[in-house]
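Visitor: Those protein sequences? They're chains Y and G, same order as listed.
So the first sequence is numbered by the numbering used here: it starts at 1 and just counts up by one.
So the second sequence is numbered by the numbering used here: it starts at 1 and just counts up by one.
A couple of the hints might just be wrong.
The list treats identical chains as interchangeable, and a pair is accepted whether it falls inside one copy or across any two copies.
In silico lysine to aspartate or glutamate, EDC-like type, Cα no more than 20 Å apart, as pairs [as the list claims (entries may be wrong)]:
| hint | residue 1 | residue 2 |
| --- | --- | --- |
| 1 | K44 | E233 |
| 2 | K76 | E142 |
| 3 | K44 | E230 |
| 4 | K106 | E233 |
| 5 | K44 | E229 |
| 6 | K206 | D141 |
| 7 | K197 | E219 |
| 8 | K177 | E142 |
| 9 | K76 | E111 |
| 10 | K197 | D132 |
| 11 | K222 | D2 |
| 12 | K131 | D2 |
For the record, the hints were derived by calculation from the structure and aren't laboratory data.
There are 2 protein chains.
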Amino acid sequence: MDETSPQFKTLYNAMSTFVNTCMSGHDPSHNPAHVHRVVALANKILTSERALHPTTPYSGAVVKLAALLHDIGDKKYLHSLASVLESDSQASTLDPTTMVHHALIKNGATEVLASRVQTIVSHVSYSTEIKDPSVIRRLIDEEGFIELAIVQDADRLDAIGAVGIGRTFTFLGAQGKKFLVDGKWDMNNSIEHFGDKLELLEGMMKTQTGREMARVRTERLKVFRGWWEEEMEVVSS
Amino acid sequence: MDETSPQFKTLYNAMSTFVNTCMSGHDPSHNPAHVHRVVALANKILTSERALHPTTPYSGAVVKLAALLHDIGDKKYLHSLASVLESDSQASTLDPTTMVHHALIKNGATEVLASRVQTIVSHVSYSTEIKDPSVIRRLIDEEGFIELAIVQDADRLDAIGAVGIGRTFTFLGAQGKKFLVDGKWDMNNSIEHFGDKLELLEGMMKTQTGREMARVRTERLKVFRGWWEEEMEVVSS
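For reference, chain Y alone in the conformation it holds in the complex (with noise of 0.2 Å):
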């Protein structure tokens, strides 16, 4: 399906809606503001990736219906959906390995295109790619899955940088107890997430646009973890 055609229109704004409906009651770590900003950041490394390599054939739709979609079924937020979608026809399951191949397909998505989009979604998580990252570079470099690299590029950047110190701390405290480190519910934590993730995402980035992007706002990790390990020196001492 054609990014630029008609039916793709329909089929991304109906979508749009769907990923708003699950998703409108999350706290603002993981809300529709994040995805659409997820979407912003691939539709950007798309266009540069193509400059770069003119004959990489990505598929423009599969970039973004798979960013769109890329937290629908985020096992963090599962438990949140029951309620929002019982009467919502599209999803007929809470099965996070279907959901989004069952949506699309439900709004004239193409078998391919659905299969596509979900296997995408269903291999974006860091935690996913920690636990096997032969997986991943299996996907991208030989079974054809190039859009992966692009949508998890675009995910990571909204991890870190000023927006991912935002988010880190929301996440903290819209998790409330749920959310302890050795029985704590502490900043730290938080701050302890930068060194344990936050600041690896830069070497884990796929694409030559995602890595220079992800240099700038590693960075801004650092100097804001400075910051904060100079203010707590003055309350300790």
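Since the structure of chain Y is provided, determine the placement of chain G on it from the hints.
Guide: Below, chain G without anything else, positioned relative to chain Y:
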């Protein structure tokens, strides 16, 4: 009561336990860790101001107790106190204008000390000052509540810089849909809070030491806001 006396240490420890009880369930933007940072900042400012103004008779006991108790009775969290304190004889009342006085007297403070600390605690907040700044000026300049300047500055330093940024987003996440600006639970609400309040605090600092520390931390807010605007520009174009 001398701040180095055993009686003061006993009183301070009892009040510290009281604060931990009252605030242990609060989100990390206003929990005991925040209070203990404010106490440490107040001690730092006190030491520095004593060196700058050797003849000014600051009471260390008043500074330490008012810093420790400054958030007891905070309207934002008062609803959560009822269940915590229902079986606690230290607070037979949830009246924010007398809670601190009551708890201090119960734990052996003199009437003079309890009254001074209550008056300072009741006048620390930014929103109280904004309503009528002349009340605060009169307390500090004419009525001898010189410790209020130190406690206010300490509390406001913890609202800016990297820690202030973390607290703002944590509060956004924790308050949930109650924390709505124009009906939206949105990270931009936090950024608007920088310009509406946080960047104004430097100009309201009352001590030379607080003002110098606030300059550095306010610059951090502005740098962070610049990063934020740049990242938002990328996704809006």
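Visitor: Now tell me, hint by hint, if it's right for this structure.
Guide: Status of the hints after comparison with the structure:
| no. | hint | verdict |
| --- | --- | --- |
| 1 | K44 x E233 | between (40 Å within a copy, 12 Å between copies) |
| 2 | K76 x E142 | neither (30 Å within a copy, 55 Å between copies) |
| 3 | K44 x E230 | between (36 Å within a copy, 14 Å between copies) |
| 4 | K106 x E233 | neither (56 Å within a copy, 34 Å between copies) |
| 5 | K44 x E229 | between (34 Å within a copy, 17 Å between copies) |
| 6 | K206 x D141 | within (11 Å within a copy, 61 Å between copies) |
| 7 | K197 x E219 | within (14 Å within a copy, 27 Å between copies) |
| 8 | K177 x E142 | neither (43 Å within a copy, 45 Å between copies) |
| 9 | K76 x E111 | neither (28 Å within a copy, 52 Å between copies) |
| 10 | K197 x D132 | within (16 Å within a copy, 46 Å between copies) |
| 11 | K222 x D2 | neither (41 Å within a copy, 43 Å between copies) |
| 12 | K131 x D2 | neither (34 Å within a copy, 59 Å between copies) |
The structure fails hints 2, 4, 8, 9, 11, 12 (numbered hints given earlier, in ascending order).
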